[in-house]
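Visitor: Residues per chain, in single letters:
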Amino acid sequence: MQPDPTQAAPEAMLSVRGLKKVYQTDGGDVEAVRNLTFDLRAGELACLVGPSGSGKTTLLKCISGLMAPTEGEVLLSGKRVSGPPKKMAVVFQEYGRSLFPWMRVRDNVELPLKNQGVPRAERDRLVDEALEAVGLSHVPRSYPWQLSGGMQQRVAIARAIAYQPEVLLMDEPFAAVDAQTRADLEDLIRTVWKKLGITILFVTHDIDESVYLGERVIILSSSPTVIQEDIAIDLPEERDQLETRSLPRFTELRHHVYEQIQLAKKGDRPAAAGTPSAGPTPAAASGADVA
Amino acid sequence: MSSKTLASGAAAPSVERQHRQVRKMPTKQLLGLAGILGFLLTWELIPRLGLVDPNYLPPASEVIAALIVDFGLTAFWVAVGETMKAWFLGLLMAVAAAVVLGFIIGSSNFLRKATNSTIEFLRPIPSVALIPLAVLMFGVKIESSLLLIVYAAFWQVLIQVLYGVADVDMVANNTARTYGLGRMARIRYVVFPTTLPYLMTGVRLAAAVALVLAITAELVIGSPGLGREIALAQSGGAISGMYALVLATGLIGVLINMLMRFIEKKTLSWHTSVRSEVFV
Amino acid sequence: MKTLKNLGYLLGLPVILILIWWAATLETENFFVPTPASLVETFAEVWFGERIFTDVLPSIGRLAVGVLVAIVIGVVGGVLIGSVRWLRALLEPTLEFFRAIPPPVLVPVLMLLMGITDTMKVVVIISGCIWPVLLNTIEGVRAVDPVLSDSAHTYGVDGWARVRYLVLPSASPQIMAGVRQSMSLGLILMVISEMFASSSGLGFAIVQFQRSFSIPEMWSGIVVLGLLGVGMSFIFQWAERNILRWYHGQKEVENAA
Ligand SMILES: Nc1ncnc2c1ncn2[C@@H]1O[C@H](COP(=O)(O)OP(=O)(O)OP(=O)(O)O)[C@@H](O)[C@H]1O
Ligand SMILES: [Mg+2]
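So the protein lines, in turn, are chains L, W and F. If you count by this note's numbering, then the first sequence holds residues 353 to 643, one letter each, in order. If you count by this note's numbering, then the second sequence holds residues -12 to 267, one letter each, in order. If you count by this note's numbering, then the third sequence holds residues 10 to 266, one letter each, in order.
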């Protein structure tokens, strides 16, 4: 590690350095992400919000090593990511298509563990626990396509949990589930996060959700994408669908994020655009601004 | 720094685009061409190096030369014409019969159930089993070819039409009813468009099968056409000529496939994205 | 009551057809068409005896070996070619050409190259049956859902596990469609290779009967081929139902939605 201004903070679990991604298509080049730099500390739960088409999925694919960035790099525990890292799990936006339709629910959850050579007893325990956690212990022998959308999404989440990742990336995982299931799943994510102490990067375009879930919200500008703002969420640790959402502080934060996204959509770019933003939690101050 | 990226970002697409259309698209075709050339080269070398007796497998260049000679012969084109005639007539009869029967059977639940066992029993019977019958009844005339072709092609189309008619969306059908569309109008606007892609798949498969059976009849029974020429060339020891004719049948096969895909694309341009091939 | 009705649907039309056949052959002696009774009689006479071992079983053996080998080569080759982009671009046009050649023309070609042997007949079947499986497998491998493929990747499902758990199952509907085409092609090629160049086997026997104008015997041979076709179709449907249970289930759900 050389002394470099873009150097990851030493305690960073995941750090994204000057990331840029240009898609080469038949119709010319598309610059999806221009310049992104941020760090996630180990055990942090951060939400990433941004307008549709702002490159959230692209960013996640670069982080998970499915796609090489055009410029910049992604570091996981200080090591450069060049392929899908072992200790990372991804829950995709198109959850229905991310489950193997020829395998039963249980086999879907079990496959990554089996592939890693986890012994049978251990595997069974992890799978049972994960299915239990998402409330699906009663359908292990169903096929994914026999389940409702929300249940399918929970299978995908169970698979990620059972895998015991250190970093969990989720791409708008609740976009297609009903409000009630959504609330349940949000609480599930918080519970799992607290229990396992993993690092989570949660992509969403739902402002309420980002504020409710995250310890921190990273707002992206519209494409070509830079970081619009990075806010710490200073809500109480224990969150409750009714109480937390009715706190005045919740409303303020929500209001602020909303304004920023509106700005982003209008194409108003932050002053810092193009230059790497500072450390992991620079924005606590801007959160206080609104207060 | 940011202004620089912006400038290059704005300039890049137009340059890239021109570049791409000249360079990127043809690489695939070039590779494909290289594959064909590689195959021909291997073929050329195998007999030349003595791996196989050139009397049995002449080098590619000789065969291609023989094919070019064939292209100048009336007899060749007459044989091609005979094969294509049997192919076309057989396919036409099979499709006509299958469409009529398919729509009749498909639109009635009773008929569908009652014919199911018979269809499932008759369909897998290989049409070549009818060869002796064809010989007895028609000898070496084109009717022999037609019997085999029609039998083989008919089932391909019939099955697809039956699937297609069964696939009609009840919601769409009921919607049409609530807007007062009568039986004929529903067939015209709901049933037929739903069935069309299936029908086209059936016709495409049937076209390939019909060619196989046309050649088979000519080869085995001796009805006029390319297949008979191949058998004659083989028994007469005109080995390069035989390989040339085999190449010719392959070319006809490729042309038929291309033609069928073209027709399918034309008729289904509105539909292809919605529907992928049905595996039945 | 319900089963009776189903039985009616199952046997109704076949029984009617046989009755018509019986009635039609009752009055006039038709040289080409035997009566149902004489056909049944001849069938038992001709095929339940030595012929099973000299003609029927060897034919079926060659067919089975040929089709199975073609399926194995087709699937293995298809997975390989389908997974490597440049290889696919390189080979696809050539393979399309081979697929377009009507397989029966391979009989005289291979006869020339290999002589009239059992191996030659098996090779005819293999080289005709391989193309539908190969090209369908390539197509199926290429069409693996990108999201599913990414999922497998992030969970470290690579190499052989990827083929086993992702590529093969995902391509299986297309592979089975290819296998179905191959099986009927295989039967056709088995018959032709025996009719064209043989002194034994089903195809040979049937042509012999026809040449000697043994009409009921000839028909009984046609029936044997028909039964063979139906038998293969049953085996295929059984295999398909087991392998593609998930696929049909998923389609049903999608269509219902
Ligand atoms: N494979 C691709 N090829 C070319 N361009 C792409 C590709 N994938 C994404 N893009 C482009 O990159 C940009 C960002 O896309 P991305 O899918 O990352 O957005 P997103 O933030 O995830 O949007 P959403 O919220 O709608 O999911 C878009 O302009 C999109 O058109
Ligand atoms: Mg997205």
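Calculated from the structure, these hints are not laboratory results. Quantities reported herein were computed from a predicted structural model and do not represent experimental measurements. Quick reminder that beta carbons are idealized off the backbone N, C-alpha and C, glycines included. Keep in mind that a hint or two might mislead.
Heads up, simulated BS3-like pairs for lysine-lysine below, C-alpha to C-alpha not over 25 Å straight-line [said to hold, decoys possible]:
no., chain 1, residue 1, chain 2, residue 2
1, L, K372, L, K466
2, L, K617, L, K439
3, L, K438, L, K617
4, W, K252, W, K15
5, W, K253, F, K14
6, F, K11, W, K128
7, W, K253, W, K72
8, F, K14, W, K100
9, L, K372, L, K546
Cβ-Cβ distance ranges computed for the label pairs, FRET-style [unchecked claim]:
no., chain 1, residue 1, chain 2, residue 2, range
10, F, V81, W, T165, 27 to 37 Å
11, F, D127, L, D480, 47 to 57 Å
12, L, S434, W, L20, 33 to 43 Å
13, L, D378, F, D127, 50 to 60 Å
14, L, D378, W, R175, 33 to 43 Å
15, F, Y18, W, D154, 18 to 28 Å
16, L, L594, F, R250, 47 to 57 Å
Coverage of chain F stretches by chain L, computed from C-beta distances (three or more under 8 Å per stretch; other residues unrestricted) [unchecked claim]:
no., segment
17, 57 to 70
18, 144 to 157
19, 255 to 261
Visitor: If a hint holds in the structure, say so; if it doesn't, say that too.
Guide: Consistency of the hints with the structure:
1. K372/L / K466/L: violated (35 Å)
2. K617/L / K439/L: Outside the cut-off at roughly 35 Å; violated.
3. K438/L / K617/L: violated (36 Å)
4. K252/W / K15/W: holds (22 Å)
5. K253/W / K14/F: violated (44 Å)
6. K11/F / K128/W: violated (50 Å)
7. K253/W / K72/W: At roughly 24 Å apart (the allowed maximum being 25 Å), K72/W and K253/W satisfy the hint.
8. K14/F / K100/W: holds (10 Å)
9. K372/L / K546/L: Not OK: K372/L and K546/L at ~32 Å, beyond 25 Å, violated.
10. V81/F / T165/W: 27 to 37 Å: violated (54 Å)
11. D127/F / D480/L: 47 to 57 Å: Holds - the Cβ-Cβ distance for D127/F and D480/L, about 56 Å, lies within 47 to 57 Å.
12. S434/L / L20/W: 33 to 43 Å: holds (35 Å)
13. D378/L / D127/F: 50 to 60 Å: About 52 Å separates the Cβ atoms of D378/L and D127/F, which means 50 to 60 Å holds.
14. D378/L / R175/W: 33 to 43 Å: The hinted range 33 to 43 Å holds for D378/L and R175/W, with Cβ atoms some 39 Å apart.
15. Y18/F / D154/W: 18 to 28 Å: holds (21 Å)
16. L594/L / R250/F: 47 to 57 Å: holds (51 Å)
17. 57 to 70: Violated, because only 0 residues of the segment 57 to 70 of chain F bring their Cβ atoms closer than 8 Å to Cβ atoms of chain L.
18. 144 to 157: holds (count 3)
19. 255 to 261: holds (count 4)
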